[in-house]
Amino acid sequence: DQQVKQNSPSLSVQEGRISILNCDYTNSMFDYFLWYKKYPAEGPTFLISISSIKDKNEDGRFTVFLNKSAKHLSLHIVPSQPGDSAVYFCAAKGTGNQFYFGTGTSLTVIP
Amino acid sequence: KAGVTQTPRYLIKTRGQQVTLSCSPISGHRSVSWYQQTPGQGLQFLFEYFSETQRNKGNFPGRFSGRQFSNSRSEMNVSTLELGDSALYLCASSLGSRGALVQGEQFFGPGTRLTVL
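The listed protein sequences correspond, in order, to chains A and B.
For the first sequence, our numbering begins at 225 and goes up steadily by one.
For the second sequence, our numbering begins at 3 and goes up steadily by one.
In case anyone wonders, no lab produced these hints; they're calculated from the structure.
Warning: the hint list may mix true and false statements.
[What the hints assert, rightly or not] Pairs of lysine-lysine residues, derived as DSSO-like cross-links and limited to a Cα-Cα distance of at most 30 Å, are as follows:
hint	chain 1	residue 1	chain 2	residue 2
1	A	K261	B	K59
2	B	K59	A	K292
3	A	K280	A	K229
4	B	K15	B	K59
5	A	K261	A	K278
6	A	K292	A	K278
7	A	K229	A	K261
8	A	K280	A	K261
9	A	K280	A	K292
10	A	K280	A	K295
11	A	K295	B	K15
12	A	K278	A	K295
13	A	K278	B	K15
14	A	K229	B	K59
15	A	K229	A	K292
[Said to hold, decoys possible] Cβ-Cβ distance ranges computed for the label pairs, FRET-style:
hint	chain 1	residue 1	chain 2	residue 2	range
16	A	D279	B	R65	23 to 29 Å
17	A	V302	B	R69	28 to 34 Å
18	B	S88	A	D279	38 to 44 Å
19	B	I14	A	Q238	38 to 44 Å
20	A	H300	B	G42	23 to 29 Å
21	A	S330	B	K15	26 to 32 Å
22	B	F71	A	I244	40 to 46 Å
23	A	Q305	B	S72	39 to 45 Å
If you're wondering where the values come from, they're calculated on a predicted model, not measured in any experiment.
C-beta atoms are modelled at their ideal positions from N, C-alpha and C, and glycine is treated no differently.
Chain B with its partners taken away, still in its complex shape:
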């Protein structure tokens, strides 16, 4: 079974630009969560989508948004990029049942490394 894929793997943007990151979950998984990883902050939860609906949201400004398509693929968009948005963005997929996550059935992709200049 193919794992979680994220594209692109690396991205360089300048301040003020916007960016869209893509995540393809494992086949059959309906939940996709997004995280931001920065040095010193660990992984910060952005949001979770399940069946095309945002089910949970972290404490990030409105510049960070996402969506999920009917095939469970998800995109994350960041508008008006700031230098502090430079980070590794990880997505994770799971079947979607709440119990699955606590059993560790949340599978992470390799991430997209975003650099904002």
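So here's chain A without its partners, still in its complex pose:
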């Protein structure tokens, strides 16, 4: 049972425009959410996180929004750059140190 879902397997965006990646979850007990970025042949690298007590966290070009009532979070990248092209995973922290990952969204930023 997939508790964290990324329903868009791929997304293409023009350079300079906004990229919006979406993630839905089912477990209301998740207390932290993270986004990871993964290039081919490399492991995922941490991008940004948000606590369940907040609704927004910003770090440079990256902003994560959390809508707890809808059990939905999104990652906004503004402006998008070709180097942002990668697979993005959202993850949620359950009890203890167990993390639940989505299936990933492959972002392509077109120059």
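Given chain A, put chain B in place with the hints provided.
Okay, now just chain B, sitting in the frame of chain A:
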């Protein structure tokens, strides 16, 4: 500081065999987590080891096991391999404090690509 290393990077086995994968965490990190990545399933948590003890476990059958040594290096073993075990196996290391993970201080290795024929 050297990153997380995993060996081997690629492995081909046949059904019924067993396999052992190795992970060396970043120096000073005491927690090692293992994940299985397959197309359509994303990353699935296998287990986490901290100070040689399994601290958390995901929903995988008993064929999947692991251990951690006193130097924090970890191994993962899969016995009686099945075709569905073909996947990228990732390990991630962190200092081990629970707060560190939510701050993103979990560093992934490049993974071991296992193919079961």
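Each hint tested on the structure:
Only pairs whose Cα atoms come within 30 Å are accepted, and K261(A) paired with K59(B) is accepted, the gap being roughly 24 Å. For the suggested pair K59(B) and K292(A), the alpha carbons sit about 26 Å apart, so the restraint of at most 30 Å is met. Taken as a hint, the K280(A) and K229(A) pair is honoured in the structure, with Cα atoms around 20 Å apart against an allowance of 30 Å. At most 30 Å may separate the alpha-carbon atoms for a hinted pair to count; K15(B) and K59(B) meet this at roughly 25 Å.
For the suggested pair K261(A) and K278(A), the alpha carbons sit about 22 Å apart, so the restraint of at most 30 Å is met. About 9 Å separates the Cα atoms of K292(A) and K278(A), which keeps this hinted pair within 30 Å; it holds. Distance restraint check for K229(A) and K261(A): the Cα-Cα separation of roughly 16 Å lies within the 30 Å cut-off, and the hinted pair is therefore satisfied. Between K280(A) and K261(A), the direct Cα distance comes to roughly 19 Å. Compliance with the 30 Å bound is thereby established for this hinted pair.
Proximity of K280(A) to K292(A) is assessed by CA-CA distance (about 11 Å); at most 30 Å being required, the pair is judged to hold. Straight-line distance between C-alpha atoms of K280(A) and K295(A) comes to about 14 Å, which keeps the hinted pair within the 30 Å bound. With a C-alpha separation of about 41 Å, the suggested pair K295(A) and K15(B) falls outside the 30 Å cut-off, and the hint is violated. In summary, the hint linking K278(A) to K295(A) is supported, as the alpha carbons are separated by about 13 Å, within the 30 Å threshold.
Our distance criterion of 30 Å between C-alpha atoms is broken by K278(A) and K15(B), whose separation comes to about 46 Å. Proximity of K229(A) to K59(B) is assessed by CA-CA distance (about 21 Å); at most 30 Å being required, the pair is judged to hold. For the suggested pair K229(A) and K292(A), the alpha carbons sit about 15 Å apart, so the restraint of at most 30 Å is met. Take D279(A) and R65(B): their Cβ atoms lie about 42 Å apart, and the range 23 to 29 Å is violated.
Distance hint check for V302(A) and R69(B): the Cβ-Cβ separation is about 45 Å, which falls outside the suggested range of 28 to 34 Å. Checked against the hint of 38 to 44 Å, the pair S88(B) and D279(A) passes, with Cβ atoms roughly 40 Å apart. With their beta carbons about 41 Å apart, I14(B) and Q238(A) fall inside the hinted range of 38 to 44 Å. Judged by the Cβ atoms, the range 23 to 29 Å given for H300(A) and G42(B) holds: they are separated by roughly 26 Å.
Checked against the hint of 26 to 32 Å, the pair S330(A) and K15(B) passes, with Cβ atoms roughly 28 Å apart. Between F71(B) and I244(A) the beta carbons are some 44 Å apart, a value that agrees with the proposed interval 40 to 46 Å. Distance hint check: the CB atoms of Q305(A) and S72(B) are about 44 Å apart, consistent with the given range 39 to 45 Å.
The structure fails to meet hints 11, 13, 16, 17 from the earlier list, while all remaining hints are met.
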